[in-house]
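Here is what each chain is made of, one letter per residue.
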Amino acid sequence: MEFVFTEEQQMIRETAESFLRDNSTSAAIRKAMATEQGYDADLWRSICNDLCFQSITIPEQHGGMGLGYVELVAVLEQMGRFLLCSPFFSTVCLASNALYVAGTEAQQAEYFAKIINGETGTLLLNNSGKLHADDVNVGYKKSGNDFVLNGSYRYVIDGHTANFFVAAANGENGVGLFVLPADSKGVTRKWLPTIDQTRKQAEVVFNNVTVSSAQCLKLDASSELQKILQLAMIATAAEQMGAAQQILDMTVAYTKERVQFNRPIASFQAVKHQAADMMLKAEVARSAVYYAACVADDTLRCGSLSAELPEAASVAKAWCSDAFFHNASTAMQLHGGVGFTWEYDVHLYFKRAKSSEIFLGNAAYHREHIAQILLDQP
Amino acid sequence: MKLSFSPEDEKFRADVAAWLAKNLTGEFAKLKFRGGPGDEHSFPEERKHWERKLAEGQWTCVGWPKEYGGRGCSIEQQVIFFEEYARAGAPGRVGHIGEGLAGPTIIAFGNEKQKQKYLPGIVKGTELWCQGYSEPSAGSDLANVKTKARFDSTKQKWLINGQKVWTSLAHESDYVFVVARTDPDSVAHKGLGFFLVKMHQPGVTVRPIEQITGTSEFNEVFFDNAECDTDAIVGEPGDGWKVAMGLLGFERGVSTLGQQMLFQNELDEIIRVAKQNGSAKDPVLRQRLADAHIGLKIMRYNSMRMLSGISSQGNDGSLQKEALIYKLYWATWHRSLGELAMDVLGAEAEICESAPYQLSRLQSMYLFVRSDTIYGGTNEIQKNIIAERGLGMPKEPKVVMK
Chain A
1 MEFVFTEEQQ
11 MIRETAESFL
21 RDNSTSAAIR
31 KAMATEQGYD
41 ADLWRSICND
51 LCFQSITIPE
61 QHGGMGLGYV
71 ELVAVLEQMG
81 RFLLCSPFFS
91 TVCLASNALY
101 VAGTEAQQAE
111 YFAKIINGET
121 GTLLLNNSGK
131 LHADDVNVGY
141 KKSGNDFVLN
151 GSYRYVIDGH
161 TANFFVAAAN
171 GENGVGLFVL
181 PADSKGVTRK
191 WLPTIDQTRK
201 QAEVVFNNVT
211 VSSAQCLKLD
221 ASSELQKILQ
231 LAMIATAAEQ
241 MGAAQQILDM
251 TVAYTKERVQ
261 FNRPIASFQA
271 VKHQAADMML
281 KAEVARSAVY
291 YAACVADDTL
301 RCGSLSAELP
311 EAASVAKAWC
321 SDAFFHNAST
331 AMQLHGGVGF
341 TWEYDVHLYF
351 KRAKSSEIFL
361 GNAAYHREHI
371 AQILLDQP
Chain B
1 MKLSFSPEDE
11 KFRADVAAWL
21 AKNLTGEFAK
31 LKFRGGPGDE
41 HSFPEERKHW
51 ERKLAEGQWT
61 CVGWPKEYGG
71 RGCSIEQQVI
81 FFEEYARAGA
91 PGRVGHIGEG
101 LAGPTIIAFG
111 NEKQKQKYLP
121 GIVKGTELWC
131 QGYSEPSAGS
141 DLANVKTKAR
151 FDSTKQKWLI
161 NGQKVWTSLA
171 HESDYVFVVA
181 RTDPDSVAHK
191 GLGFFLVKMH
201 QPGVTVRPIE
211 QITGTSEFNE
221 VFFDNAECDT
231 DAIVGEPGDG
241 WKVAMGLLGF
251 ERGVSTLGQQ
261 MLFQNELDEI
271 IRVAKQNGSA
281 KDPVLRQRLA
291 DAHIGLKIMR
301 YNSMRMLSGI
311 SSQGNDGSLQ
321 KEALIYKLYW
331 ATWHRSLGEL
341 AMDVLGAEAE
351 ICESAPYQLS
361 RLQSMYLFVR
371 SDTIYGGTNE
381 IQKNIIAERG
391 LGMPKEPKVV
401 MK
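Chains A and B, in that order, are what the protein sequence lines are. Take the first sequence: its letters are residues 1 to 378, numbered as in the working numbering. Take the second sequence: its letters are residues 1 to 402, numbered as in the working numbering.
FYI, nobody ran anything at the bench for these hints, they're computed from the structure. Please note: incorrect hints may appear among the correct ones.
[Claimed, not checked] Some, not all, of what chain A presents toward chain B, calculated at C-beta under 7 angstroms: (1) V252; (2) A266; (3) K272; (4) L280; (5) A371.
In this text, a Cβ means the ideal position worked out from N, Cα and C, and glycines have one as well.
Sequences and hints are given; from them, build the entire structure.
Here it is in structure tokens:
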């Protein structure tokens, strides 16, 4: 049993940390988040060309690094920590994962090459924000060898900027997954401004969008879709954990500096105890995420832990959603008045905490999922 | 990262399980799932026999070095041992203070003669130990001990005077280790000594404390000119605090997975009741049951991190962050589990098993877990430690009492 990073994993983590510390600064975040695109194209190119993080999980035969989910999570933790504004999550943790789990060899070859070249993708699920395959409300109809898709998607991460989509749609063979360029005929899309400006959302409407059978990843794909969502939950939890740690570090630094009653406020137990609670939340989040990452890693290698994926994903997402929000809201309280200003970064984390909590199911949703596993079998 | 154990360790696991299955039978069968926290008063004599049975199989002191009679097991094997021990429902160990605290302290700080004298009885399961730390005015403020040790030059012995409190198993023990003030003018952590004192002597009186459960696991221990041999002080007079703190470092979490197995048994019982009485359909209780399950799962992952950290970093004595939060986390989780048990039981929660005050396992657990967030460092002390050692926040300025 070695429940710690290997030297190589540690190196990847440190590379991500130092790069993002220098490049995802407060000024850089604020500049990117104020734009409709939501990210700096040069920074994205640099992540793709210099660091190749977008190809971590892409198999070597497709030109990727062929590493696993533990390595990916090590990078995501740092991206969450430094609130990176980038299409990384949508491209890697939604689109690339979908292709990995459900794509054909040919689709993988074509789209992994695009991702390695810096093209971006995302996943289109539904317009309700719910997570069950039955909630997919865009429909497909067969037309000869083609499929015709109609309906609308909401809450699509980076949907207004992505170069391609992996789209879920319901039809006679259950939920199907399709891959298509974003500029396909019949696609319209619109940016939806969000409270959390660091992660962009969009609405995407399909009006008689026609895709060929070669663009169909899989029909009857509800179990693959669940797996894709569970992998994304773990990725989100990793970002949340990194952010929960960062907002703690920022709070500790601030309370050591801030003097009231002739002493740093960090010396008051009323402050220290809240900081201790934050550390507990962050450390426990770390344990949950690392475990879930090992399970995800094993799942992608078709190992024996794959049966644990649904539970591990819900455990991690439930804990990390609550932990991040708890830490961000406590951070705002402990920063006092300045935490309420636009100038300080606390609100950026506070807003990401809520948006990431809602995304892919909040803690109550995941607890109910666990309850079903735990209580509803006779 | 790797989550599995090696084939040798899995073989070790099978050996432990097989031995327990074979031996936890006959006269010992009734001890299954007994004698744990909240139930330590049960079957003391039978559990002492069990301790000797374990020693026959060389299953005491598995983590001690071989030269002192231990098995020299790796961290992984120690974890496995405690996990299988709990899984089999083997009883709470009456020897755990000797094995887990007194022995390792003597190994680390004691002289050769002390090792020869005290360690074999612990390994053989024939000599039991208890811990003399807390006092009426030294709880969270442990350095405020008032118990005094004075060297009597005519008797050529140390004489101990004072009172200890919350001493579990005192009435069953042969020895107590006592932190006492060797320098009467000293304050706080200076001027203390660490003494190994015989319990069976005229100067030592044990009085049980009746707890909110109606049972008594804890005791008060009174020392009235209790005698202690010259060579029964560990380290020098004045070293007591260093030795006492070193001892706290020996609780490195190898028993945590075993403890979690007990927690899992309790949670399973609560889930069984919930399914039976319909609580499992209540949306609020569903959330809480799931939350308890999530909390326990992550507790295990946290232990795995903690233990991997120990074996990969070597023993530098400093606790990693995941170890610093461990007590606060499990104690708070367990206290909530008690409340959940009552809420799942509903109206039946109030009804005792029998007069005058016989509690069911879950009722007893509900009451006993209120002590979890108090003993061994209260939640508030834990948070101070986390903030100061884990986060580097400054200590509260000292206030001088006028």
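Hint check: 7 angstroms Cβ-Cβ cutoff, K272 (chain A) to chain B: holds, 4 angstroms
Residue hint L280 (chain A), partner chain B, criterion CB-CB below 7 angstroms: Where the cut-off is 7 angstroms and the nearest Cβ of chain B is about 4 angstroms from L280 (chain A), the hint holds.
V252 (chain A) as chain B interface residue, shortest Cβ-Cβ below 7 angstroms: With Cβ-Cβ at 5 angstroms, under 7 angstroms, it holds.
Closest C-beta approach of A266 (chain A) to chain B relative to 7 angstroms, hint status: With a minimum Cβ separation of about 4 angstroms from chain B (threshold 7 angstroms), the hint on A266 (chain A) holds.
Interface hint for A371 (chain A), Cβ within 7 angstroms of any Cβ on chain B: Result: holds, 4 angstroms to nearest chain B Cβ.
Hint compliance for this structure: no hint is broken.
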